[in-house]
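Peer 1: For this one, chain U is given, so just place chain L on it according to the hints.
Protein chains in written order, with the working numbering: chain U, 1 to 245; chain L, 246 to 454.
Mixed in with the good hints, there may be bad ones.
Examples of chain L residues lying across from chain U (beta carbon under 7 Å, computed) [to be verified]:
1) Arg-363
2) Leu-366
3) Ala-367
4) Gln-370
5) Glu-404
6) Thr-407
7) Leu-420
Here are a few chain U residues that face chain L, going by a calculated C-beta distance under 10 Å [said to hold, decoys possible]:
8) Met-45
9) Glu-117
10) Arg-193
11) Arg-210
12) Tyr-211
13) Ala-215
14) Asp-216
15) Val-218
16) Thr-231
In case anyone wonders, no lab produced these hints; they're calculated from the structure.
We put the beta carbon where it would ideally sit given N, CA and C, even for glycine.
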Amino acid sequence: MTTAPRPPVLRLRELTRVHGTGAATVHALRGIDLTVDAGEFVAVMGPSGSGKSTLLTLAGGLDTASSGEVLVEGVSLGELKRPALAKVRRTSIGYVFQDYNLVPALTAAENIALPRELDGVRSRAARREALAALEEIGLAEVADRFPDEMSGGQQQRVAIARALIGERRLLLADEPTGALDSETGESVLVLLRKRCDQGAATVMVTHEPRYAAWADRVVFLRDGTVVDETTAGTADSLLVGGGER
Amino acid sequence: MSIRYGLLALLDHGPRYGSQLRTEFEARTGATWPLNIGQVYTTLGRLERDGLIAPEPGGDAKQQLYAITETGRRELVEWYERPVDRTQPARDELAIKLAMAISTPGVDIRTVIQNQRRHSLAALQDYTRLKSRALSGGPDNSDDIAWLLVLEQLIFAAEAETRWLDHCEARLVRLAHALAERPPSAPAPPPDDADTPDRAGRAARQEIS
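Here chain U stands alone, though its shape is the one from the complex (with noise of 0.2 Å):
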């Protein structure tokens, strides 16, 4: 027996989004197509006004495409009505901000557990599955302390934790490094890069190319469309040579 391959965990199918009319009208988007498998690492650049947070939101199901089509894990955003979409977005979809979104007055464990609380898990449970994420971080010492007593590096990474708790398997970061400093944003990536390889799907908004680097893929974008994608393996003398250590 054969099983059907999965789904790609997002596609972007023609994805256009257009702001206003007439005069004022802002094409934010022009027919993008992107597919970001499970275990996928994908970056997003480009200039201000390129469409990278637009594409972001659109994918989330945050917002909705003015054509085109977009797809989590199989499933059409666009088809769905407004209770579905929204628990499509609360258990497939996490999502990352640069300032970390965290509920103040709940500890980091609480701000872990609780969109598993809301998906119905029992609040003990959900406890549980948020000690043992951040055990799995590195960050078990913080589990009781609220956001204002942790560092802005660790505020992040239990963002990052509470957007993939759960059956979550698509993470979409806005410039989760923004507002950290070289080294704590690099923790913030080796964490992302982690998640990947364990098999999250991953899109990431940056300007910075040291954090881009840290992607499978980096898709450029320029006045609403795709202008170029690279992918690594070029530094092949460093790759193949004395540098594979």
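Peer 2: For chain L alone, kept in the frame of chain U given last:
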């Protein structure tokens, strides 16, 4: 020059054979700048000629053992104390290419920039993969840490180049827009004034449009 001082620095740790120096140099730098044994012996010959190293008795019969001299040690200390000269930059092929592309009819400078950015970013991805691997191994000796420092130098340099290319592209776009809005009656620059920004701008507008 860096090979000369690199070998001298290794010899400061004690006498070594040429083949040993080659292995140790590559271990410190992750073979980023591979050395052939001919280069090693040529450099050792010059260091000996300049009195910075001397043959050391007691080596095996097939290879010559070398040791650093007091003069060599003083020279090495001076090298560590002296900043690497950046006031006489080496010729940079990419800067030369862009400088030429700006005024060459038929060359699309945005394509030149984009092609280079793709290449530089892909190299940055590769360096980052190597760094990720180096970090996951937990660098715990001086060779591993040295390799990490070299990798990070490559990462920062590639990133700087990518940012510079972004800046070039943005500047050319701004320049082209500004020139497109200029009234057509603006006086033309004198024909022999080839380096004026105006001329470059016109070329940019031509290439970008």
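Peer 1: Please list, smallest to largest, the hint numbers that this structure does not respect.
Peer 2: Hints 7 and 9 contradicted; others consistent.
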